[in-house]
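Each chain is listed here by its residues.
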Amino acid sequence: MSVAISALEAVSEAIGRNKEYLTSLDAAIGDADHGINMARGFDAVVAKARTLPPDADVGTVLKTAGMTLISTVGGAAGPLYGTAFLRAAGTAQGAAIDGAAVIRMLEAAINGIKERGKAVRGEKTMLDALEPAVEAFADRYKAGRPLVECLDAACEAADKGVAFTKTIIATKGRASYLGERSIGHQDPGATSSFIILKALADFCRQYESGEN
Amino acid sequence: MVGIVIVSHSAKIAEGIRDMAVQMAKPGQKIVAAGGAGEGVIGTDAVKIYEAIKEADLGDGVVVLVDLGSAILSTETALELLDEDTRMRVRIADAPVVEGAISAAVQASLGGDLTEVAATAEGARELHKK
Numbered sequence: 001m002s003v004a005i006s007a008l009e010a011v012s013e014a015i016g017r018n019k020e021y022l023t024s025l026d027a028a029i030g031d032a033d034h035g036i037n038m039a040r041g042f043d044a045v046v047a048k049a050r051t052l053p054p055d056a057d058v059g060t061v062l063k064t065a066g067m068t069l070i071s072t073v074g075g076a077a078g079p080l081y082g083t084a085f086l087r088a089a090g091t092a093q094g095a096a097i098d099g100a101a102v103i104r105m106l107e108a109a110i111n112g113i114k115e116r117g118k119a120v121r122g123e124k125t126m127l128d129a130l131e132p133a134v135e136a137f138a139d140r141y142k143a144g145r146p147l148v149e150c151l152d153a154a155c156e157a158a159d160k161g162v163a164f165t166k167t168i169i170a171t172k173g174r175a176s177y178l179g180e181r182s183i184g185h186q187d188p189g190a191t192s193s194f195i196i197l198k199a200l201a202d203f204c205r206q207y208e209s210g211e212n
Numbered sequence: 001m002v003g004i005v006i007v008s009h010s011a012k013i014a015e016g017i018r019d020m021a022v023q024m025a026k027p028g029q030k031i032v033a034a035g036g037a038g039e040g041v042i043g044t045d046a047v048k049i050y051e052a053i054k055e056a057d058l059g060d061g062v063v064v065l066v067d068l069g070s071a072i073l074s075t076e077t078a079l080e081l082l083d084e085d086t087r088m089r090v091r092i093a094d095a096p097v098v099e100g101a102i103s104a105a106v107q108a109s110l111g112g113d114l115t116e117v118a119a120t121a122e123g124a125r126e127l128h129k130k
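Note that the protein sequences, when read in sequence, are chains U and B. Taking UniProt numbering, I'd label the letters of the first sequence as residues 1 to 212. Taking UniProt numbering, I'd label the letters of the second sequence as residues 1 to 130.
These are calculated hints, taken from the structure and not from any lab test. Warning: the hint list may mix true and false statements.
Unchecked claim - Each computed EDC-like pair below joins lysine to aspartate or glutamate, with the alpha-carbon atoms no more than 20 Å apart:
1. U:K114 - B:E76
2. U:K118 - B:E80
3. U:K172 - B:D94
4. U:K166 - U:E180
5. U:K172 - B:E76
6. U:K172 - B:D67
7. U:K118 - B:E76
8. B:K26 - B:E99
9. U:K118 - B:D67
10. U:K48 - B:E39
11. U:K142 - U:E156
Said to hold, decoys possible - Far from chain U by the CB rule (all over 10 Å, computed), these chain B residues:
12. K26
13. L82
14. E84
15. D94
16. D113
17. E122
18. K129
Just so it is clear, CB atoms sit at the ideal spot from N, CA and C, and this is done for glycine as well.
Using the sequences plus the hints, can you model the full thing?
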């Protein structure tokens, strides 16, 4: 089976494991459906990805994931993550997947989220986890560090980003209705972004150790 | 004739607004509901919206009425899925979803063009209740 499909399975498993957690975070400042929505979306992604030919390229797998997310998640995370996957797919098409390609894909994904959500960093959204993560990844990669180390650095930065969202006011999405009352709560979207990155980092570590 | 699409997190809301708007529209007026995320799930579905826009478009364009949050994001995602020609004749109205849909249905039935129907929908913001 395509490595990309196995990676999506790992992400889906992690989202499923954190379904209640994400929903409880969203219950505090949103509409209490983020975990349920994400789990439904990624279950559908895996089911759809398994129907792809085993030699499907990364672009095809990511495009399938994106299209599935935009039609099954339901909440704002659907078009946001869906657009991210579709933009990453557009960048991946036909290219060999090395560290530089991963950076291009992640940057395209983030730009898609910014454009779709009309958001920037510092507004208590997934961007507060994702943007520092991509920067950390790119820094390590440019310093010649191995992929797993780059991903670990990305996870660490995303984790800090999640913690940072506790300290700021939400100005985007349903949490913005709470205004200052959103302070003290971590953002569910930033948290799911961290969970996705962590699942990918863990998957890559396992994959590399299995190969060697 | 300009078509109308109604997007809400709730399939029931989208269908209910369509039913209200149909009462005011002439027979044959395209008004398509695209609410919910399937199987009773509260949410929005960009692919469903994309299909609704294609169904509502008779060549003169479509005005989309949306509720909040992901309804807007999903509609914008649906626009990205459309071919360039169709996308150019779709407007997301910055309007209250119920009043906007009814105003748009009336204007579209009177033969208004895309700009007029979108402007009429947006004019519904000024329908004060007291």
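- Message: Minimum C-beta separation from L82 (chain B) to chain U exceeding 10 Å: can you confirm that?
- Response: Non-interface label on L82 (chain B) holds, nearest chain U Cβ at 13 Å vs cutoff 10 Å.
- Query: Keeping to a limit of 20 Å between CA atoms, is the pair of K172 (chain U) and D67 (chain B) held or broken?
  - Reply: Between K172 (chain U) and D67 (chain B) the Cα gap is close to 15 Å, so the pair holds against 20 Å.
- Message: Checking one constraint from the list: CA of K172 (chain U) to CA of E76 (chain B), max 20 Å. Satisfied?
- Response: Answer holds: K172 (chain U) to E76 (chain B) is near 16 Å, not above 20 Å.
- Query: Does the claim that E122 (chain B) lies off the interface hold, with its Cβ farther than 10 Å from every Cβ of chain U?
  - Reply: At about 19 Å from chain U, E122 (chain B) clears the 10 Å cut-off, so the statement holds.
- Query: Within a Cα-Cα threshold of 20 Å, do K26 (chain B) and E99 (chain B) meet the stated pairing?
  - Reply: Given pair K26 (chain B), E99 (chain B) holds - Cα atoms ~17 Å apart, limit 20 Å.
- Task: Classify the label on K26 (chain B) as holds or violated, using whether its beta-carbon is more than 10 Å from each beta-carbon of chain U.
- Result: 32 Å, holds
- Are K118 (chain U) and D67 (chain B) close enough, with their CA atoms no more than 20 Å apart? Given pair K118 (chain U), D67 (chain B) holds - Cα atoms ~17 Å apart, limit 20 Å.
- Query: Is it true that the CA of K142 (chain U) sits at most 20 Å from the CA of E156 (chain U)?
  - Reply: The given pair, whose Cα atoms are some 17 Å apart, holds under the 20 Å limit.
- Query: Under the criterion that the straight-line Cα-Cα distance not exceed 20 Å, is the pair K166 (chain U), E180 (chain U) satisfied?
  - Reply: 11 Å, holds
- Query: Just checking, K129 (chain B) versus chain U, shortest CB gap more than 10 Å?
  - Reply: 21 Å, holds
- Item | Cβ separation check - D113 (chain B) to all of chain U, threshold 10 Å | 28 Å, holds
- Query: For D94 (chain B), is the shortest beta carbon distance to chain U beyond 10 Å?
  - Reply: 14 Å, holds
Comparing the model with each numbered hint stated earlier shows that all of them hold.
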